[in-house]
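Enquirer: Listed below, chain by chain, are the residues.
Number of protein chains: 2
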Amino acid sequence: MKVLITSGGTTEPIDDVRGISNFATGALGKLTAEYFLRAGHEVILLSGDKALRPEPQERLTLVPIMGTQSLYEAMQDVVPQVDVVVHSMAVSDYRPVYMTDFEHLPDELTEASLTTFRPKREKKISSKADFQIMLLEKTPKIINAVKQWNPDVLLFGFKLLSGVTPERLLKIAHEKLSQTKADFIIANDLENIQGQAHQAYLVSEKDADRVISMKNKSEIAATILKKSEELRHD
Amino acid sequence: MKVLITSGGTTEPIDDVRGISNFATGALGKLTAEYFLRAGHEVILLSGDKALRPEPQERLTLVPIMGTQSLYEAMQDVVPQVDVVVHSMAVSDYRPVYMTDFEHLPDELTEASLTTFRPKREKKISSKADFQIMLLEKTPKIINAVKQWNPDVLLFGFKLLSGVTPERLLKIAHEKLSQTKADFIIANDLENIQGQAHQAYLVSEKDADRVISMKNKSEIAATILKKSEELRHD
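Chains A and X, in that order, are what the protein sequence lines are. Counting from 1, position 222 in the first sequence corresponds to residue 222 in full-length UniProt numbering; the numbering is continuous, with no gaps. Counting from 1, position 174 in the second sequence corresponds to residue 174 in full-length UniProt numbering; the numbering is continuous, with no gaps.
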């Protein structure tokens, strides 16, 4: 079968020299790609600039990704061609609209004036002022479009939280299942990820009561491969 | 001689999963380190998380750096022990103080209310609101402290601008010379850097009228090594 995996983190530029990056290393995406490749499947890996990647090899296509916009366009293109999507990339929820000092902000500061203000973009923001204000806008939730682009695709989404109870993590994972129409959500908490040790839960609509608990990256990759092979036979 | 080189970019955290990164690859710092090592000198390389680095070898100490605070502490420690400092790292001019949506901002928005507000830091910022506001504060200019930590050190600083005339670039480089008390400033423009091709100017107080023009990374690294060997004989 043909599998699209996204991994690593996106980077949204602030100016020509700096940007907002998500910290994911791409380790899980790399491992998952290796599991599918070893089982004889074809993998297209979209991954952040600095993400870990498998060695170049037959049946593996590597596509570097910078920001949410380039990820959106690449996925729109690739999702209709694949059987499975494993969307493990840490995608920016927000991207910078502007960053400027108080001197250049509108005289009257209100929610309306701050959100509609569009200063001329500096190539490199000057470092004179003591403070800067940045406005950020929400990026499109790319995962919500996957089933629209390809209703037959098997979709694995991820939910990462930090420092919550397992109950809350599972509740939010179930909400994400229905929002995204994903077949599976892999729910995990940053505080339970350390190198290979990686506590995660696989939840799905079909087995609402049955949650598969996994304790390291190899187990997560193996579970994704197993579920894909059970549910997709092409 | 003993040389401290800083390279790559710093990353300042916003929350547990994202931060503001400077885009430098560390290619020039890696090459400069290799030139000094090949000439028999000792190198301590402080470099950003994802920066390019020479292969581990004798006489090379590698220290990974995250944010400006860890860079400050590491340099304070190392600068008194070295003969030469090549400070090529792209250091964040600003670091995030908070990022929050309008609902959580003070009712009255003024420069004073926005700069003194300190909301509780979220471990992972929720992605519900359409917009977020971030306050950023200036980071200490580490290069200004180098000659205080070690008045005898030979200091190479860098000034990177984007899309300015050579005249303006040289003028600002001269201003930086006197602000930082650096012996040399290497001035460059992002629009004239592409892979190995790297237009740069070496300026110094001693030869105010004489600017050395360099056209690629090897020439920059060789010039830094040559000047260091001329001016430091230990």
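You may find that some hints are simply not true.
What the hints assert, rightly or not - Computed cross-link-like contacts, DMTMM-like style, restricted to lysine to aspartate or glutamate with a CA-CA straight-line distance of at most 25 Å:
(1) Lys-176(A) to Glu-55(A)
(2) Lys-176(X) to Asp-77(A)
(3) Lys-124(A) to Asp-49(X)
(4) Lys-128(X) to Glu-12(A)
(5) Lys-50(A) to Glu-167(X)
(6) Lys-141(X) to Asp-16(A)
(7) Lys-124(X) to Glu-108(A)
Unchecked claim - Listed next, the stretches of chain X that the computed footprint assigns to chain A, with coverage defined by at least 3 CB atoms under 8 Å from CB atoms of chain A:
(8) 5-17
(9) 57-69
(10) 117-131
As the list claims (entries may be wrong) - Short, incomplete list of chain A residues facing chain X, as computed with Cβ under 8 Å:
(11) Thr-11
(12) Ile-20
(13) Asn-22
(14) Tyr-72
(15) Glu-73
(16) Tyr-94
(17) Thr-115
(18) Phe-117
(19) Ile-133
(20) Met-134
(21) Lys-138
(22) Trp-149
(23) Val-153
(24) Ser-162
(25) Ile-193
(26) Gln-196
Derived by calculation from the structure, the hints in this document are not laboratory data. Ideal Cβ positions, reconstructed from N, Cα and C, are used throughout, including at glycine.
Enquirer: Each hint needs a verdict: does it hold in this structure or not?
Expert: Hints and how they fare:
Restraint check: the Cα-Cα separation between Lys-176(A) and Glu-55(A) comes to about 33 Å, which exceeds 25 Å; the hinted pair is violated. Distance check on the hinted pair: Lys-176(X) and Asp-77(A) sit about 48 Å apart at the alpha-carbon level, beyond 25 Å; violated. The hinted pair formed by Lys-124(A) and Asp-49(X) meets the criterion: a straight-line CA distance of about 22 Å does not exceed 25 Å. For the given pair, Lys-128(X) sits about 19 Å from Glu-12(A) by alpha-carbon distance, which is consistent with the 25 Å threshold.
A hinted pair counts as satisfied when its Cα atoms are at most 25 Å apart, and Lys-50(A) with Glu-167(X) does not qualify at roughly 35 Å. In summary, the hint linking Lys-141(X) to Asp-16(A) is supported, as the alpha carbons are separated by about 20 Å, within the 25 Å threshold. Note on Lys-124(X) and Glu-108(A): the hinted pairing is violated, with a Cα-Cα distance of about 31 Å set against a maximum of 25 Å. Here the segment 5-17 of chain X counts 6 residues with a CB under 8 Å from a CB of chain A, which clears the bar of 3, and the coverage holds.
Look at the segment 57-69 of chain X against chain A: 0 of its residues bring a Cβ nearer than 8 Å to a Cβ of that chain, fewer than three, so the hint is violated. Evaluation of the coverage hint for the segment 117-131 of chain X: fulfilled, as 7 residues show C-beta separations to chain A shorter than 8 Å, against a requirement of three. Because the smallest distance between the Cβ of Thr-11(A) and any Cβ of chain X comes to about 7 Å, under 8 Å, the interface hint for this residue holds. Taken as an interface hint, Ile-20(A) checks out: its beta carbon lies about 6 Å from the nearest beta carbon of chain X, inside 8 Å.
Taken as an interface hint, Asn-22(A) checks out: its beta carbon lies about 5 Å from the nearest beta carbon of chain X, inside 8 Å. Interface hint status for Tyr-72(A): violated, as the beta-carbon distance to the closest one in chain X is roughly 16 Å, over 8 Å. Hint status for Glu-73(A): violated, given a least beta-carbon distance of 21 Å to chain X, over 8 Å. Look at Tyr-94(A): its Cβ gets to within about 5 Å of chain X, closer than 8 Å, so that hint holds up.
The restraint placing Thr-115(A) at the interface with chain X holds, with a minimum CB-CB distance near 5 Å, inside the 8 Å limit. Because the smallest distance between the Cβ of Phe-117(A) and any Cβ of chain X comes to about 11 Å, over 8 Å, the interface hint for this residue is violated. The beta carbon of Ile-133(A) is positioned within 8 Å of a beta carbon in chain X (closest approach about 6 Å), and the interface hint is therefore held. Interface hint at Met-134(A): satisfied, since its Cβ lies 4 Å from the closest Cβ of chain X, which is below the 8 Å cut-off.
The interface hint given for Lys-138(A) is met, as the beta carbon of that residue sits about 5 Å from the closest beta carbon of chain X, less than 8 Å. A hinted interface residue such as Trp-149(A) counts as satisfied when its beta carbon comes closer than 8 Å to some beta carbon of chain X; here the least separation is about 21 Å, so the hint is violated. The criterion of a C-beta within 8 Å of any C-beta in chain X is not met by Val-153(A), whose closest approach is roughly 24 Å, and the hint is violated. The interface hint given for Ser-162(A) holds, since its Cβ lies 4 Å from the closest Cβ of chain X, which is under the 8 Å cut-off.
Hint on Ile-193(A) is violated. Least Cβ distance to chain X is approximately 11 Å, over the 8 Å limit. Because the beta carbon of Gln-196(A) sits about 20 Å from the nearest beta carbon in chain X, more than 8 Å, this interface hint is broken.
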